[in-house]
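Chemist: Now for the letters of each chain:
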Amino acid sequence: MKLVIAYIQPAAFHNVKQALTEVGVGRMSVSNAQGVGQQGGYTESYRGADLEIQLRKKLRLEIAVNDDYLERTREAIITGARTGNFGDGVIFVVDLGECYRIRTGESGSPAVG
Amino acid sequence: MQLPRKSFLILPLLYVAVAPAPAAAQTAADAMFAVNNTWMLVATLLVFMMHLGFAFLEAGLTQSKNTVNILFKNVSIIAIGLLTYAIVGFNLMYPGEFSMGGFFGFAGFGIGTDAAGLTSEYSEGYTYWTDFIFQAMFAATAATIVSGAVAERIKLASFLVFATLYVGLVYPLVGSWKWGGGWLDEMGFYDFAGSTLVHSVGGWAAVAGVFLLGPRLGKYINGRIHPIPGHSLPLAAAGMFLLWFGWFGFNGGSVLSADPGLVSLVFVTTCLAASAGIIGAMITTWTVQKHPDLSMVLNGALAGLVGITAGADVVSVMSAVIIGAVAGVLVVFSVIFIDRIKMDDPVGAISVHLTCGIWGTLAVGIFSADHSFLTQLIGVLAYGAFAFTAAFLIFSVIKATMGLRVSEEDERRGLDLSEHNMEAYPDYQIMITR
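For the protein sequence lines, the chains are F and L, in the order given. Numbering-wise, my numbering puts 83 at position 83 of the first sequence, and it's gapless, one number per residue. Numbering-wise, my numbering puts 278 at position 278 of the second sequence, and it's gapless, one number per residue.
Treat the hints loosely; a few may be bogus.
Claimed, not checked - Now the stretches of chain F that chain L is said to cover, found in silico as 3 or more residues with beta-carbon under 8 Å: (1) 20–26; (2) 85–99.
Claimed, not checked - DSSO-like mimics (lysine-lysine), calculated; alpha carbons at most 27 Å apart, straight line: (3) L:Lys-399 with L:Lys-219; (4) F:Lys-57 with L:Lys-342; (5) L:Lys-342 with F:Lys-17; (6) L:Lys-399 with F:Lys-17; (7) L:Lys-399 with L:Lys-290.
Simulated from the structure, these hints should not be mistaken for lab results. Each residue gets a CB set at the ideal place from its N, CA and C atoms; glycine is no exception.
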């Protein structure tokens, strides 16, 4: 079991969700994040002075997958989120030790779904 | 400073008792002029408040990434409205004499008056300056109606150019046809406080703008409507209440004096129409949409207000309720219809101001025996033809030269960042999945 953590542009979410649905991945958790990578920050202006914004708004997707779903999940996220520009995002894959479904008490691979 | 009310009344009475009759009449008339003028200035304040109402309503019903932009447009419009009215609008709307058969007249650039303009010689209801500033507040309202409809994707500079031309020239020109004593006034067309002259004029421009601009990104995909919810319904609700509050002056001041009977009647018809608008919208949205939609009900209140604006002083109280209720029902269906034909109007401006402005104007012909439905219809069509054409032309020229719409990238980032390089809510974590 793996936990796929993807940081994407908020605007990419719609396409990523669609791509994931197409490969049969419907369960995820989405949260707000701020982050920065090669895209860097940017400058706003406020009352005559420059305001350095160092973090950009991102979305964090967390998707628990069984090993056989890992490749298609990764590909779907990339398909949905890639624009070719800096700031497209990054995907981390970490090992998922245990997983439990609260409603039924299932554990392990069936709980991942 | 508190005026001791009792002595204020006693003085004229003393004069009546002691002084010769003509002087007494003069002083009583002076007192009435002062009262009238004071009320008209209070009404001016109330109409001014409507700009705050519009700012809140529009900000509440649009996304937070565009809030700076919406507020900026609202702040600019009051300035543009008042200044253009001073430079050219007032004398275009009230030319005194028409040079082109009741269609066009111009009394010259700038505003100014002589000593007589400060007295009841100018008018029993108000001084020249009061007349100007009261009417100027109306002018700015017409432009602000458009800003809501074109929100979230229009270029700021393009909008400001449009607003300057439309409020500066078109609004007063067509306004002169009725309030300036022009051809429609001579025909017997009636628009008490501006259902047509203000609201539908703004509404027609909104239609032209929305049509030429196109919908917001992601609103209509594959034939489906994807709603883009506003970011703050509390702001929107506050905006509605502020607008209603301002309407006391909008309609109450259109009596053009402090006539106790008329102003108090207008207060009642206005409020009952707004209330009926809420109920009408509430029933409609609850049945058609299964759940009562707050934004529809807010639109319903405004619909009722717009609807009664044409005839608040000439229809019966019962008629006011019916007019408001029908407006409330109409606005809900209009919002749904406008969305179905892929015209993206984030705040329902077209439905509230155009649809119900037309309804309110025609309603005068239906509910008032002294006014003809046909004449009202002619007025509605004349204003529609001219205002829409003018707005369409102005928007088209802007579109061809400056461009009307921001780029896709800018629209996605939000106009606050792309047009203003600042944020409305820098401290907040805003969830954006669009």
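Chemist: Evaluate each hint against the coordinates.
Modeler: Tested hints:
no.: 1; hint: 20–26; in the structure: violated (count 0)
no.: 2; hint: 85–99; in the structure: violated (count 0)
no.: 3; hint: L:Lys-399 with L:Lys-219; in the structure: holds (21 Å)
no.: 4; hint: F:Lys-57 with L:Lys-342; in the structure: violated (31 Å)
no.: 5; hint: L:Lys-342 with F:Lys-17; in the structure: holds (25 Å)
no.: 6; hint: L:Lys-399 with F:Lys-17; in the structure: violated (35 Å)
no.: 7; hint: L:Lys-399 with L:Lys-290; in the structure: violated (40 Å)
Violated hints for the displayed structure, listed by number in ascending order: 1, 2, 4, 6, 7.
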